[in-house]
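Asker: Here are the chains, one letter per residue:
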Amino acid sequence: MRTSERIIEKLLLICAGIAVLGVALIAAFIFAEGWPVINKTGIMNFLWGKVWAPTRGVYGIFPMILGSIYVTLGALIIGVPIGIGCAVYLAEIASPKLSEIIKPGIELLAGIPSVIYGLYGMTVIVPMIRKVFNNQGFSILAGSIILAIMILPTIINISKDSIEAVPEEYKEGSLALGSSHWQAIIRVILPSARSGILSAVILGMGRAIGETMAVIMITGNSTFIPESILSTARTLTGNIGIEMGYANGEHQKALFATGIVLFVFIMILNLMANLIPKKVGE
Amino acid sequence: GCSGQPAQNEPTPEQPKEPEKQSIVINGSTSVQPLAEELSNAFKSKNPNATIDIQGGGSGVGIKSAEDGVVDIGMSSRDLKPEEKSLKEFKIAIDGIAVIVHPENGVKDLTVEQLRKIYTGQITNWKEVGGKDAKITVVTREEGSGTRGAFIELVKLEVTEGDKKVDKTLASAITQGSTGAVMITVAGDANAIGFASFGSAKDKTDIKLINIDGAECSEENIATGTYKISRPFLMLTKDEPTGLAKAFLDFILSAEGQEIVAENNYLKAVK
Amino acid sequence: MNNINSSRNKEKIAFALLWGFSVMTIIILVLILANIIINGISHLSLGFLLEEPRKMGKAGGIFSVIVSTFYIVALSTVFAAPLGVGASVYLTEYAKEGIMLKIIRFGTESLAGIPSIIYGLFGYSFFVVYLNLKYSILSGALTLTLMILPTIVRTSEEAIKAVPKSYREGSLALGATKLQTIRKIIIPTAMPGILTGLILGVGRVIGESAAVIYTAGSSLGIPHSIFRPGRTLSVHLYTLASEGLSRENTYATAVVLIILVFIINFVANRLIKNIFIAKRR
Amino acid sequence: MTRNYFDNELQELKLDLIRMSSIVEDALSNSINALKRQDTDLAEKVIESDDIVDKMEIAIEDKCLKLIALQQPIAKDLRIIATALKIITDLERIADHAVDIAKITKRLSKEKYIKELIDIPRMAYIVTGMVKDSIDAYVKQDIEKAKEVSKRDDEVDGLHAQIFRELLLLMMEDPKKINQSTYFLFISQYIERIADHVTNICEWTIYGVTGEHIDLNE
Amino acid sequence: MTRNYFDNELQELKLDLIRMSSIVEDALSNSINALKRQDTDLAEKVIESDDIVDKMEIAIEDKCLKLIALQQPIAKDLRIIATALKIITDLERIADHAVDIAKITKRLSKEKYIKELIDIPRMAYIVTGMVKDSIDAYVKQDIEKAKEVSKRDDEVDGLHAQIFRELLLLMMEDPKKINQSTYFLFISQYIERIADHVTNICEWTIYGVTGEHIDLNE
Amino acid sequence: MSTIKIKVEDTNLYYGDHQALKDINIDIYEKAVTALIGPSGCGKSTFLRCLNRMNDLIPNVRRNGKIEIAGTNVDKYDVILLRKKVGMVFQKPNPFPISIYENVAYGPRIHGVKSKAVLDDIVEKSLKEAALWDEVKDRLKNNAIGLSGGQQQRLCIARTMAVEPEVLLMDEPTSALDPASTMKIEDLMEDLKKQYTVIIVTHNMQQAGRISDYTAFFLNGEIIEYDKTENIFYKPIDKRTEDYITGRFG
Amino acid sequence: MSTIKIKVEDTNLYYGDHQALKDINIDIYEKAVTALIGPSGCGKSTFLRCLNRMNDLIPNVRRNGKIEIAGTNVDKYDVILLRKKVGMVFQKPNPFPISIYENVAYGPRIHGVKSKAVLDDIVEKSLKEAALWDEVKDRLKNNAIGLSGGQQQRLCIARTMAVEPEVLLMDEPTSALDPASTMKIEDLMEDLKKQYTVIIVTHNMQQAGRISDYTAFFLNGEIIEYDKTENIFYKPIDKRTEDYITGRFG
Ligand SMILES: Nc1ncnc2c1ncn2[C@@H]1O[C@H](COP(=O)(O)OP(=O)(O)OP(=O)(O)O)[C@@H](O)[C@H]1O
Ligand SMILES: Nc1ncnc2c1ncn2[C@@H]1O[C@H](COP(=O)(O)OP(=O)(O)OP(=O)(O)O)[C@@H](O)[C@H]1O
Ligand SMILES: [Mg+2]
Ligand SMILES: [Mg+2]
Ligand SMILES: O=P([O-])([O-])[O-]
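Just so you know, the protein sequences line up as chains A, B, C, D, E, F and G, in that order.
Counting from 1, one number per residue, gives the positions in the first sequence under the working numbering.
Counting from 1, one number per residue, gives the positions in the second sequence under the working numbering.
Counting from 1, one number per residue, gives the positions in the third sequence under the working numbering.
Counting from 1, one number per residue, gives the positions in the fourth sequence under the working numbering.
Counting from 1, one number per residue, gives the positions in the fifth sequence under the working numbering.
Counting from 1, one number per residue, gives the positions in the sixth sequence under the working numbering.
Counting from 1, one number per residue, gives the positions in the seventh sequence under the working numbering.
Here chain A stands alone, though its shape is the one from the complex:
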């Protein structure tokens, strides 16, 4: 190989390396900043501690962990069936024309900045819940609804792609054996698209857990262990987002420590997504 080609290859390697470097740096800085607080508090106290009072040095993020889990689960429970249903409808049932109309809509849904979802949640969803349940409105439910909407495009698009990636032959094969279309969907198409749908759900979950601004605007951010889906709650991201502006010193480090937990959460999800087999079959 010629020298110029070699040099360029090395340059390209550096480009590629930056991604790794990025992750390493992110991990390093978040850990460097946050670890001392966890260390000082004790990892168990930090994770299971039920009181968050940073101004007097009490850092327990259990409520936020629960908050994240509740809000995310809620979003999945609402978003996954709708998302997958919509994906199935678009990929299998809708006429190409209809599909062609709906598709950009879903892309738009994906492109809308999270702040706008937050705005909408704050001005529409929260008051609605307040009215219906006669409570404060800010709640896990509100967060879940908005997050469900936010992860819909992720779930719809990836599921739809993986359903569409199921070879047409499977469907024809099933129909040719005398199955109904719905039988073909349930028994052949969805199982074949299973791994894609699963990664759609996991990616949606990642998006839900990671969302910050919209959540801050609608869940109420209280630092207690939520009692029901109508309770207010603070998520891990919310905890960082809402206090980062005012924190300093150890308080700020405690927020980085929250970041560590979030980071680990996300990494576990990433690993899970990676473990899902990519191809139909094996």
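The reader is advised that the hints may include incorrect statements.
Keeping only pairs whose Cα atoms sit at most 27 Å apart, straight-line, the calculated DSSO-like set for lysine-lysine is [said to hold, decoys possible]: (1) G:K235 to D:K140; (2) F:K7 to F:K235; (3) B:K164 to B:K81; (4) B:K108 to A:K131; (5) B:K228 to B:K135; (6) C:K12 to A:K103; (7) G:K228 to E:K14; (8) D:K36 to D:K110.
Don't read these hints as lab results, they were simulated from the structure.
Place chains B, C, D, E, F and G with the ligands on chain A using the hints.
Answerer: Frame of chain A, contents of chains B, C, D, E, F and G with the ligands only:
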């Protein structure tokens, strides 16, 4: 206040290299920030060459940054603690902390004691304080906020337990990241109670200001101390201000500057 | 034939349900857009776009915010595009299967999954504090560069991978060098896909607030250099919304954001279509 | 290619050849027997059987060509079929010669033979065996046997020469015997020709197996 | 399929057949001329040319089979090749008969002929024309011509019968003429057989074009 | 071999404005292999898909004329029943990405067979019919995707057998396979025709020659010639048929 | 036809531990078509890719022995020069998604031809050689993807011609094409061999028979038999060759 940026250190933009400093950076309390913006706009219209960057950060940040000298001026929305007293402090305004409820809320008066009980969860229903039978929605600011700091101090939500001061605020209280968010929350919830900078809250029609211990929340009562929950807005410098910083501070404290303070519903610090 | 009838009935019910879900999704979209646009469109004017904000954005327009947004978008694209495309070329064309490739791939995939707030934390502690770039357009752009890198790498990688192996072999078999092949065949063929990736990246930059607010700051002035802080549209919208400063300006800003997203989607779609048109012709 | 099917077809083809050759053999020995016994009925039968042989030739030929058209055989498969195509031509000629003999038989049926027929039947007997064995060699793809069979042609040629001389003498002795003698002369020549056809069959068989043309006459 | 190539090969094959047939025609007319003129050299030439014909037969056969193996023709393409395969067998037989005639010529070269040869050359002349025309019909795939050619066989048969009777008479008249007469008898029969082969060629030609077997003898 | 299983009369088919089948008339015989040949786009697949009404899936398809299978008009059948009766094997082997067993059991299951024992029997019988049993009997639980192309195609045939069809449609079933697998499938077809009516589309002239009893030559949506295969391949009547099969076409 | 263009001696090739070519010895003749046949995986493509060193692209490939093209060892060539000299056409037509003109001009351009006039000439000449000129001369600016499969393959041949190779390697060049296009390519090959040394891999026995002058039969990485095509197809010597070509294999 604006949600603003994290505190610590000196997020100071690079200084132009001219000898006469035409640019200063201010950060700190987000409650003071809107007022500071107004003042700086007025100042800049008179001194077109001047650049003033105003960042949020919170009172704590303002105090620390000023101490570290990484900003030209720090802002605080609460009194300095004794250990912070080394700073040059300029009281530019006085702000009440208005306790706010939904306009339809029947309750008009609360005592500091009732307020304390509400915020610690001892009183949970409006009927206990003379209102209708409804659960109280408590709204507070986040930990670290100067407004919250002043409020818990004034309402005595802070109790000393052993050698520590413990903030007894209800953990289930809705926590909002800014004055505006608190107001929006209260405006939207008939059963909510919250607190916010008087200057920001005064003109709002979708919230109602509560009398504390019988005193109406007004400039007058705040000025006289009849209304008990108030705090100063401070501008802080490490050393004697010079150059543009001095010019700006002078402008603020001038009659013209103080007029702007008043226009913005804060009490003039300099009569 | 009971069997057939019952499966027919099940089918009908199921399809109705799925139809309902799809309609619901679209209704949601329409509701959100309608809510934002109805509330905001009347306050949108040329003046709003060209005036500087006053009173913390309570009054005035969003000119400085648009300028800051433009800076951040331009800068992060300028950083991320060569990096991302370069990385994807390396990954697809040079990297050999092995631990190295696995690590890099894990790196990009992880980057893609990390929530923006973590980028915010990192950007703050690394660019703002550690590299002492302070709150600045530059800090924000660098942080966002990292954040959109995986999007660009992935889409470019897909686009490059979609270039049939046969093109490479065809070119090499004619005696072209690897670099010639990449430059003359692979990149041009993958270009629409790469551009789509870039545009999606731009979309993310425009929509992002959590990562920007802690790195580029929220100063409302027009940034006169990339070393000065600035406030992007998203951050501005977040501030306006959560402060409840001005309902009108909040919604008007939201409409501007949505229109931007609209345009970006449109352009990306056109590019995607072009890929197919080129293939079909 | 559906080998099973094709292999079956090849087998079938060989059976057809055996069937055809056995009819030809019968025709040949019947023609000689008819000649010996002056049995016109038998001679008639031989003449009639020619029709069957002709039909069989066409049928086998069709089968071969259709096999080629449909199965597109190559290498040995093709050679086996090509060989069959050639062999049936020879078999058909042999049958024709049997008919020729039968026709002469009918013509001479009313006459008393000028001599007892000994050498001609002997020659015919040898040749009939050759026909059978040559087909056997083909079916078994047995080169050695094919070579052995073709060697017997020498004996036939010898007998033919002897008969020729004898008959010439007879004719010269007694002009009355000329008519019959010429016929016997023809018959002897027919049988000799049949042996030549058998040699051809043997050559084809060897060609089918090896792909080499060899001349077994030398 | 590379039609151009294949079509060229088919053309080539036809040319080969024409070449072979012209050699065969020459052999045939030479053999008769040699007979007439008692020209042993010419007869020798005819005998030698058989070798060429045999080789040509094998060569064409090989070409046909290789064409089948390599090009895998079907339908008419295949029939044309199959027909060629059959026709060369007939041509080769015709050449053999020419050799037979030449051999007799050599044997009789020292004798004075018992009669002037008129009918035999006439018959041979007709048959030579038939050979040429039959191949022409094949090459042109001309069914009508093939049918016409095969009709001339009747004339040949008639001549043969006439010659047969004449010679029998001759022999009976004079036993010394027996020897020569038998030979002339054989020659006449050979020529008659050649005409039969020509009829076969015509039948094949028709088969090649139509795919139908017809019997032109009836 | 002479019972007529499928009777197609005066059938025309249009994709929108484009007429893909023109006045098709053909009788297809029971227990025989009928090959459909013709240049690309001549309508072979379209014709095949008329027989089990797979064309119903395509919008804007119009068909007229009469198609009878076993004496009943296809349009009179419930389409699910029709497709059960008229099995189809596709060009690319398309086993479902589930176990071998489940692939074969799929059809019976959707048609309501629940009993494990019955299913076991069907699976074994079908796999045997498709000459695959011996190769897979020890790994019925393995995913079908793991099979080789040829095995997959035989699995698809077995899957079709499992619903006990009477007619078997095959659209270029070996075009995606290597020669050895092709041979196996062709051998299998010899057996299948003992029980089923088999219709196969093929581009491979040799294949049509080797395996079919009847051959129909399609051109531009018309049937140009339909006859016993040997006749088509040795003595076609129509010049176009001859040109096509000898490669002189186009 | 009897000049030796390519001489391969004692060549072995390993993919890691797997030996894909075993002791290959073969002389390939100039201006003739040599066909490589053999079952899947026997090493045909591997052998072909040795000749223009496309195997260099694959990691862990080891090769020994000597391969000479036009008298020079391939390892002594600059690989770029070698590939210029030894053109390759692939199984699936792979025109670049640029204009027809640019496709053909690509090779000359990368080898430094800049003049528009020269390029025009090369393009025209190459397209003519590939028997495509008449079909495309009016739409040289159109994207090559718009051509039919057969045209695309001829374009690829033209593209290869444009760099003036001496040897043309074709790895199953018609397996992705319909019969009519295949015919065109086969006809073209008749012409090409007048100028070039052509080596073609094919799975299609008939094709090998039809178009090649020499045939090499590969099995498990070895050359079992190499001879004139007519001999291989009519009188193969090795039983395995015969079994393979008659379909008795495996
Ligand atoms: N879904 C469709 N919509 C419109 N036209 C179609 C459709 N399917 C096929 N056609 C057209 O109908 C004609 C017949 O197509 P069909 O698929 O039956 O051909 P085929 O003979 O099977 O060809 P091939 O050998 O390429 O598979 C073609 O002209 C084709 O373009
Ligand atoms: N890149 C590779 N790495 C490892 N093994 C390989 C590689 N390429 C081919 N092989 C192996 O080398 C052997 C020969 O492969 P090759 O592709 O040359 O076969 P082929 O004869 O061209 O087969 P086909 O007809 O399927 O194209 C096979 O066993 C194959 O699995
Ligand atoms: Mg088709
Ligand atoms: Mg290969
Ligand atoms: O922003 P604060 O004034 O609450 O510190």
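Asker: Each hint: holds or not?
Answerer: How the hints compare with the structure:
1. G:K235 to D:K140: holds (19 Å)
2. F:K7 to F:K235: Cα-Cα ~25 Å, so holds.
3. B:K164 to B:K81: Satisfied, since the Cα-Cα distance of roughly 16 Å is no more than 27 Å.
4. B:K108 to A:K131: holds (24 Å)
5. B:K228 to B:K135: Cα-Cα ~26 Å, so holds.
6. C:K12 to A:K103: holds (24 Å)
7. G:K228 to E:K14: holds (24 Å)
8. D:K36 to D:K110: holds (13 Å)
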